[in-house]
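As they're listed, the protein sequences go chains C and Y. For the first sequence, our numbering begins at 1 and goes up steadily by one. For the second sequence, our numbering begins at 248 and goes up steadily by one.
Any given hint might turn out to be false.
What the hints assert, rightly or not - Listed next, with one range per pair, are the computed distances between beta-carbon atoms:
| hint | chain 1 | residue 1 | chain 2 | residue 2 | range |
| --- | --- | --- | --- | --- | --- |
| 1 | C | F12 | Y | P357 | 19 to 27 Å |
| 2 | C | S61 | Y | Y395 | 34 to 42 Å |
| 3 | C | F12 | Y | P334 | 16 to 24 Å |
| 4 | C | S61 | Y | F333 | 48 to 56 Å |
| 5 | C | K6 | Y | Q392 | 34 to 42 Å |
| 6 | C | K54 | Y | F333 | 45 to 53 Å |
Derived by calculation from the structure, the hints in this document are not laboratory data. We put the beta carbon where it would ideally sit given N, CA and C, even for glycine.
Residue strings, one per chain:
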Amino acid sequence: MTLEIKDVSYSFDGKENILENMNFHVNDGEFVTILGPSGSGKSTLFHLIGGILKPDHGIISLDGKKINGLKGHISYMPQQPSLLPWRTVLENVLLGSELAGTRDKEKANNLLMKAGLEEYDKAYPHELSGGMKQRAAFIRSILSPQDLMCLDEPFSALDELTRLQMQQWLLSVWEENRRSVLFVTHSIDEAVFLSDRIYVLSAKPAAVIKEVKVPFSRPRREEQLLSDEFIHLKRELYAALKPTFTT
Amino acid sequence: MIGRGIWKKGAPFFLLLLLLIVWESVTVLLKVEEWLLPAPSAIFIEGIESSRNLYGHLISTTELALSGFFIGSCIGLLIAAILHLFPGVKEAVYPLLILSQNIPIIVLAPLLVIWFGFGMLPKLIVISLVCFFPVAVASLDGFRQTPYELKHYFKMMGAGKNQLFWKLELPHSIPFIFSGLKISATYSVMGAVISEWLGAKSGIGVYMTLASSAFRTDRVFVAIFIIMGMSLIFFGIITFLEKYLVSWKRKEGEKDDAGN
């Protein structure tokens with residue numbers, strides 16, 4: 001599944017643009033990260049792809065099919081786990097597929113086992129730790145049948161160590177499935193460690209100011225986090241992001 | 248510590264006991280006439296003696312209250328769902344709902360008899376009118392207070408209005424609905440008794456009217472205590488159902504308590 005964003009502009013009031021002539025794409029099976037300062041319209045971008053908002057100009061397309069303002073084409077993982085408190089973990093991870101009309105309990109149980117949540121399938125979300133909740137939320141988005149997964153800063157609320165664990169776990173699950181992923185974050189480390197390609201966004205109005213290919217092979221290893229190449233890439237991205245801090 | 252626990256749990260009971268003792272002593276010491284204010288003991292004895300007679304009344308009032316409560320609550324829930332799903336309707340109808348609660352039932356009841364006769368219908372209308380409102384208001388609040396991030400997830404996943412309501416808003420508002428049901432359950436007994444004053448063959452309301460016109464004050468008090476007891480039992484049943492059905496919420500609360 002390929003996603004293409006072409007010349008997309010959007011403004012809330014018709015005057016000041018939130019997004020301006022945004023152009024980027026996600027290839028089939030590719031992990032692409034949007035890196036930008038907070039308040040740079042990353043969430044708005046997701047709302048546009050999710051079809052909640054409609055762009056003023058430009059085309060959003062999936063496999064060449066225009067999906068401007070159309071809902072239900074993406075699998076979404078929000079910043080908060082957003083699990084339903086009255087559903088058990090198993091029923092929660094099935095929610096995304098249920099909304100799309102396909103429930104696969106067996107696959108759900110399998111993935112829960114891989115996430116180390118097999119003993120919690122009948123537990124309620126409030127019994128889980130923050131990291132476990134996010135794992136459940138990620139499984140929910142994997143089980144959703146849509147081919148493109150949009151992850152909106154999913155680990156930003158976690159502590160550093162849990163976050164690192166979650167990134168590795170996410171990669172291990174994703175490398176088995178290889179769905180197209182659009183990932184949003186404001187963490188440079190996270191972007192480099194996870195993605196195949198990175199787009200850097202400017203602050204208001206948001207536009208792509210830099211595209212970086214991440215040369216590391218997969219599966220990714222922790223040691224790569226400390227390699228010279230990694231540091232070099234980090235420096236490059238930091239230099240690109242720095243001008244956006246002032247606004 | 249155990250003593251404290253008993254005191255805490257039994258506090259309302261002890262208070263009630265104290266009130267009864269004061270009441271009993273006042274009637275004995277001041278030699279109050281029985282038709283003015285009978286002693287609690289006299290009321291209790293009268294209750295036991297006429298229990299056979301009371302049983303039939305109790306059954307018909309219970310039936311009436313339960314059916315009225317059921318109909319009223321369903322209507323309340325239905326109205327809340329309609330108002331929530333059609334915001335335009337809500338603006339027009341909500342003020343009228345509040346007005347409906349300002350009609351004095353005592354005045355409306357005889358009118359309903361003129362319109363619909365002495366059958367079940369006017370009685371059920373009275374009870375439903377009292378019962379629907381708490382459920383409607385509580386459910387509306389529940390629908391409205393659905394957390395933004397959950398709604399946002401549903402929308403991003405392309406959920407339609409139907410899915411949003413049945414899978415998110417309705418289950419989320421169940422604890423709210425139960426708050427409404429508890430109020431309605433206690434009102435339903437009162438509603439049933441008032442509607443029986445209009446004219447019925449049997450029921451606590453009938454027993455009460457007969458007793459008061461015969462100056463049998465002790466029997467009036469028997470009826471009052473029965474009404475109180477019924478309300479408490481209704482309330483208890485709803486609370487029990489709530490604990491069973493909203494168990495996730497209870498566990499969530501326990502965890503919060505432990506954290507504090």
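Evaluated hints:
1. Remark: the range hint 19 to 27 Å for F12 of chain C to P357 of chain Y is contradicted by a beta-carbon distance near 58 Å.
2. The beta-carbon spacing between S61 of chain C and Y395 of chain Y, approximately 29 Å, falls outside the hinted interval of 34 to 42 Å.
3. Roughly 22 Å separates the CB atoms of F12 of chain C and P334 of chain Y, a value that falls within the hinted 16 to 24 Å.
4. At about 35 Å, the CB distance of S61 of chain C to F333 of chain Y disagrees with the hint of 48 to 56 Å.
5. Distance hint check for K6 of chain C and Q392 of chain Y: the Cβ-Cβ separation is about 40 Å, which falls inside the suggested range of 34 to 42 Å.
6. A beta carbon spacing of about 24 Å between K54 of chain C and F333 of chain Y contradicts the range 45 to 53 Å that was offered as a hint.
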